[in-house]
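Chemist: Here the sequence shown is numbered in this note's numbering, starting from 331 and rising by one per residue.
It should be emphasised that the hints constitute simulated quantities derived from the structure, not laboratory data.
Ideal Cβ placement from N, Cα and C applies to all residues, glycine included.
Among these hints, one or two may not hold up.
What the hints assert, rightly or not - Just the calculated beta-carbon pair ranges, DEER-fashion:
| no. | residue 1 | residue 2 | range |
| --- | --- | --- | --- |
| 1 | Gly387 | Leu338 | 26 to 34 Å |
| 2 | Arg499 | Ala353 | 15 to 23 Å |
| 3 | Gly543 | Glu458 | 33 to 41 Å |
| 4 | Lys463 | Val516 | 24 to 32 Å |
| 5 | Glu511 | Ser450 | 15 to 23 Å |
| 6 | Arg400 | Asp337 | 16 to 24 Å |
| 7 | Lys463 | Ala353 | 47 to 55 Å |
| 8 | Thr367 | Glu511 | 36 to 44 Å |
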Amino acid sequence: MGASLADLRASLAGNASADAALAGLQEHEADEAIDSTVPRDLTAAAFFDVDNTMVQGASIIHFARGLAARKYFSTRDVAEFAWQQVKFRVSGKEDLGDVATGRQKALSFVAGRSTAELRSLGEEIYDEVIADKIWAGTRALAQMHLDAGQQVWLVTATPVELAQIIAERLGLTGALGTVAESVDGVFTGNLVGDILHGPGKAHAVRALAIREGLSLDRCSAYSDSYNDVPMLSLVGTAVAINPDPSLRELARTRGWEIRDYRTGRKAAKVGLPTAVALGAIAGGVAVAAGRRR
């Protein structure tokens with residue numbers, strides 16, 4: 331039986347996201363995120379979901395509020411976006427109607443606007459709103475991977491231009507995000523594939539791993555959502571951060587580490603995730619090989 335249309339769209343979105351991520355890596359020289367004095371680990375990386383994992387709340391809502399303050403969105407639109415997020419967080423499932431509506435609203439906003447304009451607005455809104463909403467515990471985990479010489483990528487449904495801003499501000503390698511089609515630096519109003527979520531994230535991580543020569547068994551992934559199980563199941567080390575009830579239950583069943591920063595408690599008192607420890611051990615080999623461009 332052939333792949334469904336949804337599968338094909340998820341695959342297209344994942345590959346487009348990987349292409350955009352690597353283009354952003356070259357353009358902004360994000361490999362500076364890994365300290366040149368640290369031995370490079372060429373085959374391990376960490377992948378972090380953004381909403382409620384790295385950032386408190388939904389990053390797209392934070393951006394939408396900033397845009398509403400600048401009269402790009404109405405407060406009613408922001409309220410609708412927020413309500414969709416609430417329903418998703420409570421149910422753990424995405425409503426296809428909500429996804430389609432949200433996609434249409436987002437595309438109607440960006441159509442005809444320049445990618446440079448979105449990036450400029452995103453930088454302003456990050457500094458104003460999101461900078462103070464980073465989970466310190468998750469940021470520390472990301473830094474441990476960087477200190478082990480590994481790449482660290484954000485993986486999110488947020489537009490890739492905005493996701494890259496978050497990654498740059500945090501000193502990470504780059505970001506995998508939803509790709510909106512653009513021609514000559516202007517958005518057309520179409521998506522490449524679909525919103526990067528669920529299976530799309532797994533496709534993006536796999537595509538990036540192939541392009542960068544990563545061994546997924548030595549990689550780690552972090553998320554708060556059951557929706558990200560495809561991505562979490564793809565790597566050697568999966569960690570549930572601030573998990574929703576369904577992910578918490580699955581993590582316990584599969585023996586995945588659980589960390590909860592919402593109350594200051596740690597659900598699992600362990601040391602570095604396995605991939606980080608392996609990265610430190612592999613450092614001597616990595617420094618001899620040099621980082622593959």
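Chemist: Run every hint past the structure and note whether it holds.
Modeler: Now the hints, each set against the structure:
| no. | hint | result |
| --- | --- | --- |
| 1 | Gly387 / Leu338: 26 to 34 Å | 32 Å, holds |
| 2 | Arg499 / Ala353: 15 to 23 Å | 19 Å, holds |
| 3 | Gly543 / Glu458: 33 to 41 Å | 38 Å, holds |
| 4 | Lys463 / Val516: 24 to 32 Å | 30 Å, holds |
| 5 | Glu511 / Ser450: 15 to 23 Å | 20 Å, holds |
| 6 | Arg400 / Asp337: 16 to 24 Å | 38 Å, violated |
| 7 | Lys463 / Ala353: 47 to 55 Å | 27 Å, violated |
| 8 | Thr367 / Glu511: 36 to 44 Å | 40 Å, holds |
Hint compliance for this structure: hints 6 and 7 are not met, and every other hint is.
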